[in-house]
Amino acid sequence: MRNAFARVLTELAKDDESLLLYYADIGNRLFNPLKEFAEGRTINAGIAEANMASMAAGSAMMGYKPFIYTITPFTTSRNFEQIKIDIAYQNQPVIIVGTGSGLSYANLGPTHHSFEDIALMRALPNMHVICPADAYELEQLMPQLIELNAPCYFRIGKKNEPAVHDGQPTLTFGKVHVMHSGERIAVLSTGTIMPLAQELVRALNERGVSPELVSFHTVKPLDEEYLNDAMTRFDHVITLEEHNVSGGFGSAVLEYFSEQASWPRVHRFGIPDRFIDQVHSTADARAKADLTVADIMGTLSERGVV
Amino acid sequence: MTLNSIAAQIRYTLCDVSSQTKTPHLGSCLSCVDILTVLYWRTMHITPSDPDNPERDYFLLGKGHAASALYTTLAYRDYFSPAALYEHGQTGSQFEEHPGIHAPAGVETVSGSLGHALSLATGMALSTRLKGAKNRFYVLMGDGELNEGTVWEAAMFAAGKRLSNLVAIVDFNKLQGTGESTEIMHLEPLEEKWRAFGWHTIRVDGHDLNALEQALEAAKPIQQPVCIVADTVKGKGVSFMENDNNWHYRIPTAEEVDQAKQELGVL
Numbered sequence: 005m006r007n008a009f010a011r012v013l014t015e016l017a018k019d020d021e022s023l024l025l026y027y028a029d030i031g032n033r034l035f036n037p038l039k040e041f042a043e044g045r046t047i048n049a050g051i052a053e054a055n056m057a058s059m060a061a062g063s064a065m066m067g068y069k070p071f072i073y074t075i076t077p078f079t080t081s082r083n084f085e086q087i088k089i090d091i092a093y094q095n096q097p098v099i100i101v102g103t104g105s106g107l108s109y110a111n112l113g114p115t116h117h118s119f120e121d122i123a124l125m126r127a128l129p130n131m132h133v134i135c136p137a138d139a140y141e142l143e144q145l146m147p148q149l150i151e152l153n154a155p156c157y158f159r160i161g162k163k164n165e166p167a168v169h170d171g172q173p174t175l176t177f178g179k180v181h182v183m184h185s186g187e188r189i190a191v192l193s194t195g196t197i198m199p200l201a202q203e204l205v206r207a208l209n210e211r212g213v214s215p216e217l218v219s220f221h222t223v224k225p226l227d228e229e230y231l232n233d234a235m236t237r238f239d240h241v242i243t244l245e246e247h248n249v250s251g252g253f254g255s256a257v258l259e260y261f262s263e264q265a266s267w268p269r270v271h272r273f274g275i276p277d278r279f280i281d282q283v284h285s286t287a288d289a290r291a292k293a294d295l296t297v298a299d300i301m302g303t304l305s306e307r308g309v310v
Numbered sequence: 023m024t025l026n027s028i029a030a031q032i033r034y035t036l037c038d039v040s041s042q043t044k045t046p047h048l049g050s051c052l053s054c055v056d057i058l059t060v061l062y063w064r065t066m067h068i069t070p071s072d073p074d075n076p077e078r079d080y081f082l083l084g085k086g087h088a089a090s091a092l093y094t095t096l097a098y099r100d101y102f103s104p105a106a107l108y109e110h111g112q113t114g115s116q117f118e119e120h121p122g123i124h125a126p127a128g129v130e131t132v133s134g135s136l137g138h139a140l141s142l143a144t145g146m147a148l149s150t151r152l153k154g155a156k157n158r159f160y161v162l163m164g165d166g167e168l169n170e171g172t173v174w175e176a177a178m179f180a181a182g183k184r185l186s187n188l189v190a191i192v193d194f195n196k197l198q199g200t201g202e203s204t205e206i207m208h209l210e211p212l213e214e215k216w217r218a219f220g221w222h223t224i225r226v227d228g229h230d231l232n233a234l235e236q237a238l239e240a241a242k243p244i245q246q247p248v249c250i251v252a253d254t255v256k257g258k259g260v261s262f263m264e265n266d267n268n269w270h271y272r273i274p275t276a277e278e279v280d281q282a283k284q285e286l287g288v289l
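Here the protein sequences line up with chains A and B, keeping their order. If you want the numbering used here, it's the 1-based position in the first sequence plus 4. If you want the numbering used here, it's the 1-based position in the second sequence plus 22.
What the hints contain is simulated information worked out from the structure, not anything from laboratory work. A quick note: this is a predicted structure, and the numbers were derived from the prediction, not measured. Check each hint, because a few of them may be wrong.
One side of the interface only, derived from the structure: several residues of chain A facing chain B at Cβ under 7 Å [as the list claims (entries may be wrong)]: (1) A42; (2) G44; (3) A54; (4) N55; (5) S58; (6) M59; (7) A61; (8) S63; (9) M66; (10) Y68; (11) I89; (12) D90; (13) Q94; (14) P173.
List of simulated lysine-lysine pairs, DSBU-like, C-alpha gap at most 35 Å [claimed, not checked]: (15) A:K88 to B:K283; (16) B:K283 to A:K18; (17) A:K88 to A:K162; (18) B:K156 to B:K215; (19) B:K215 to B:K196; (20) A:K18 to B:K156; (21) B:K156 to A:K88; (22) B:K215 to A:K39; (23) B:K215 to A:K88; (24) A:K292 to A:K162; (25) A:K39 to B:K183; (26) A:K18 to B:K153; (27) A:K18 to A:K163; (28) B:K215 to B:K153; (29) A:K162 to A:K18; (30) A:K292 to A:K163; (31) A:K224 to A:K88; (32) B:K183 to A:K88; (33) A:K39 to A:K163; (34) B:K242 to A:K88; (35) B:K196 to A:K88; (36) A:K224 to B:K153; (37) A:K162 to B:K196; (38) B:K183 to A:K163; (39) A:K18 to A:K224; (40) A:K39 to B:K156.
Every residue, glycine too, gets a C-beta built ideally from N, C-alpha and C.
Pulled out of the complex, with its shape left as it was, chain A reads as follows (with noise of 0.2 Å):
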């Protein structure tokens, strides 16, 4: 998903000499086509991630809509006062991107994971976050985001995330995409966890069940018309995010139900509260934080869900 962010940047700032990347000395040669034409446009911050997150609201005062670009971690937790300071309070511009978000560089444990980043980046105000499941939709949502000219957290993968569509679907930011449609279950997936989220589906139709698998791409703002209309139409609402349980989608999703007069039961799955670490690939590190469909399933029969 990286290289397809590096292609899009790449593309959209030719036309557009607004647009900005800082990047925290990482990428190697991801950004050299960038480079290629706008040099003075491409600028390795170092590895001084709270300075990027300031020097990028410092371009976006003087005009530019600056991208800031690094590990996931680096560029919500460890920056996270500039960016509360001078990217959200201050209303500037900056298109924030975690690359290789939740446990997708799972190997290299607790530094490089992040499961707080989307509780933190919704807290703010101002602040709009956005998970692609795959490179469609980072396509698809980026030039969304930088028409919005707004502070914007964009969570992404690392790459070869599988694709979750067949082709290019049609996006709108802040707006649901109905992967199919179903009838009592509504799974609910943020993210690159899709794949696991349509498995969940497929296990779910061997039991005789045909659920509504939605890929929910914005999570602030949240599509409350789709939410409102899927509190009349299903019994079940399964929330998946590579997130901590707490704070995250899921969360987002049952606070919003929590203030209606009644709603369907909410199943949220995701990272338990819990460190996941000694672990050597992402599936090893899903297994470890009962992140699989088996785990998933048995949950759901507990609840009697199915």
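For chain A, the structure is supplied; the task is to place chain B on it using the hints.
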């Protein structure tokens, strides 16, 4: 009015506003008055009647707790009426104890969390150069503020890019919130430290208006970022406040304000 009398007037108003509105950080404000006076009356290319002029120079206040010093300087520089300063810190006022997004004309950025201004100005200075524009950026930081790591991140970056449109001024009053700034952290040798980080440095008496003016002029043609280390006195101008760190938080009584007024020679 001479620069001296402008600075004295600003100092008196700071004491009076602090007393009447119960706004703290008077000592921090008084130490940087001369620096602000020279910047706003001599150094910077600004148009108070057109505060958003795109060709202006920018001043960024790092030590946001000295907001009152900036507000008062702007008021006497005709950005708005000095009478408005007495709304300081009141509910609904644009004069917040730390400048917010509703701050009055002339305040460029939010401040209050230390160590942000130099980073912001570095991004602004780099972007300005990229656009081929001529704006210059002046950042005032406290010595306590230099405890923040981001200051040194920005310092390394700005020097690496040789940002010649960026000037940092350290209000080196040797005191921070709870003690001596040279003891709480290993600040000295401060000028050499900035030089080692790739900046051209100028050391100056931060209360000598002529010396400050010369230093700020001397910085203009330098083809790298410049740090002016200004030796200052916390509480400068009011004998019983000078070098007394209680005035980081204390509020003066009406009698103390009168005494300050006499000492400052303000009519």
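Right, here's what the structure says about each hint:
1. Given hint, A42 (chain A) at the interface with chain B, is violated; its Cβ is 10 Å from that chain's nearest Cβ, farther than 7 Å.
2. Given the 7 Å rule on beta carbons, the hint for G44 (chain A) holds: about 5 Å separates it from the nearest Cβ of chain B.
3. Contact between A54 (chain A) and chain B, as hinted, is supported at the beta carbon level, the nearest pair being about 5 Å apart and thus within 7 Å.
4. The beta carbon of N55 (chain A) comes within 4 Å of a beta carbon in chain B, closer than 7 Å, and the hint placing it at the interface holds.
5. The beta carbon of S58 (chain A) comes within 3 Å of a beta carbon in chain B, closer than 7 Å, and the hint placing it at the interface holds.
6. A hinted interface residue such as M59 (chain A) counts as satisfied when its beta carbon comes closer than 7 Å to some beta carbon of chain B; here the least separation is about 3 Å, so the hint holds.
7. With a least beta-carbon distance of about 6 Å to chain B, the hint placing A61 (chain A) at the interface is held under the 7 Å criterion.
8. Below 7 Å, beta-carbon pairs count as interface contacts, and S63 (chain A) has one with chain B at about 4 Å; its hint therefore holds.
9. Below 7 Å, beta-carbon pairs count as interface contacts, and M66 (chain A) has one with chain B at about 4 Å; its hint therefore holds.
10. With a least beta-carbon distance of about 6 Å to chain B, the hint placing Y68 (chain A) at the interface is held under the 7 Å criterion.
11. Contact between I89 (chain A) and chain B, as hinted, is supported at the beta carbon level, the nearest pair being about 5 Å apart and thus within 7 Å.
12. Below 7 Å, beta-carbon pairs count as interface contacts, and D90 (chain A) has one with chain B at about 6 Å; its hint therefore holds.
13. Taking 7 Å as the C-beta contact cut-off toward chain B, the hint placing Q94 (chain A) at the interface holds, the least distance being around 5 Å.
14. For P173 (chain A), the shortest C-beta to C-beta distance to chain B is roughly 35 Å, which exceeds 7 Å, and the interface hint is violated.
15. The suggested pairing of K88 (chain A) with K283 (chain B) is violated, with an alpha-carbon distance near 41 Å, which exceeds 35 Å.
16. For the given pair, K283 (chain B) sits about 61 Å from K18 (chain A) by alpha-carbon distance, which is inconsistent with the 35 Å threshold.
17. Between K88 (chain A) and K162 (chain A), the direct Cα distance comes to roughly 25 Å. Compliance with the 35 Å bound is thereby established for this hinted pair.
18. The straight-line distance between the Cα atoms of K156 (chain B) and K215 (chain B) is roughly 28 Å, inside the 35 Å bound, and the hint therefore holds.
19. At roughly 16 Å between alpha-carbon atoms, K215 (chain B) and K196 (chain B) fall within 35 Å of each other, so this suggested pair holds.
20. Between the alpha carbons of K18 (chain A) and K156 (chain B) the distance comes to roughly 25 Å, so the proposed pair stays at or under 35 Å and holds.
21. Between the alpha carbons of K156 (chain B) and K88 (chain A) the distance comes to roughly 29 Å, so the proposed pair stays at or under 35 Å and holds.
22. As the CA atoms of K215 (chain B) and K39 (chain A) are separated by approximately 33 Å, the hinted pair is consistent with the 35 Å bound.
23. Straight-line distance between C-alpha atoms of K215 (chain B) and K88 (chain A) comes to about 30 Å, which keeps the hinted pair within the 35 Å bound.
24. For the given pair, K292 (chain A) sits about 20 Å from K162 (chain A) by alpha-carbon distance, which is consistent with the 35 Å threshold.
25. Under the criterion of a C-alpha separation no larger than 35 Å, the hint pairing K39 (chain A) with K183 (chain B) is consistent with the structure, at around 16 Å.
26. At most 35 Å may separate the alpha-carbon atoms for a hinted pair to count; K18 (chain A) and K153 (chain B) meet this at roughly 16 Å.
27. Between K18 (chain A) and K163 (chain A), the direct Cα distance comes to roughly 24 Å. Compliance with the 35 Å bound is thereby established for this hinted pair.
28. At roughly 31 Å between alpha-carbon atoms, K215 (chain B) and K153 (chain B) fall within 35 Å of each other, so this suggested pair holds.
29. Of the pairs offered as hints, the one joining K162 (chain A) and K18 (chain A) holds, with about 24 Å between alpha carbons and a cut-off of 35 Å not exceeded.
30. Between K292 (chain A) and K163 (chain A) the CA atoms are separated by roughly 22 Å; this keeps the pair inside 35 Å, and the hint holds.
31. Using a Cα cut-off of 35 Å, the hinted pair K224 (chain A) and K88 (chain A) holds, with the two alpha carbons roughly 16 Å apart.
32. A distance of roughly 26 Å separates the Cα atoms of K183 (chain B) and K88 (chain A); the hinted pair therefore holds under the 35 Å criterion.
33. For the hint pairing K39 (chain A) with K163 (chain A), the CA-to-CA distance comes to about 21 Å; that is within 35 Å, so the pair holds.
34. In summary, the hint linking K242 (chain B) to K88 (chain A) is supported, as the alpha carbons are separated by about 33 Å, within the 35 Å threshold.
35. For the given pair, K196 (chain B) sits about 30 Å from K88 (chain A) by alpha-carbon distance, which is consistent with the 35 Å threshold.
36. The suggested pairing of K224 (chain A) with K153 (chain B) holds, with an alpha-carbon distance near 33 Å, which does not exceed 35 Å.
37. Straight-line distance between C-alpha atoms of K162 (chain A) and K196 (chain B) comes to about 48 Å, which puts the hinted pair past the 35 Å bound.
38. For the proposed pair K183 (chain B) and K163 (chain A), the alpha carbon gap of about 31 Å is at most 35 Å, so the pair holds.
39. At most 35 Å may separate the alpha-carbon atoms for a hinted pair to count; K18 (chain A) and K224 (chain A) meet this at roughly 29 Å.
40. For the suggested pair K39 (chain A) and K156 (chain B), the alpha carbons sit about 24 Å apart, so the restraint of at most 35 Å is met.
The structure fails hints 1, 14, 15, 16, 37 (numbered hints given earlier, in ascending order).
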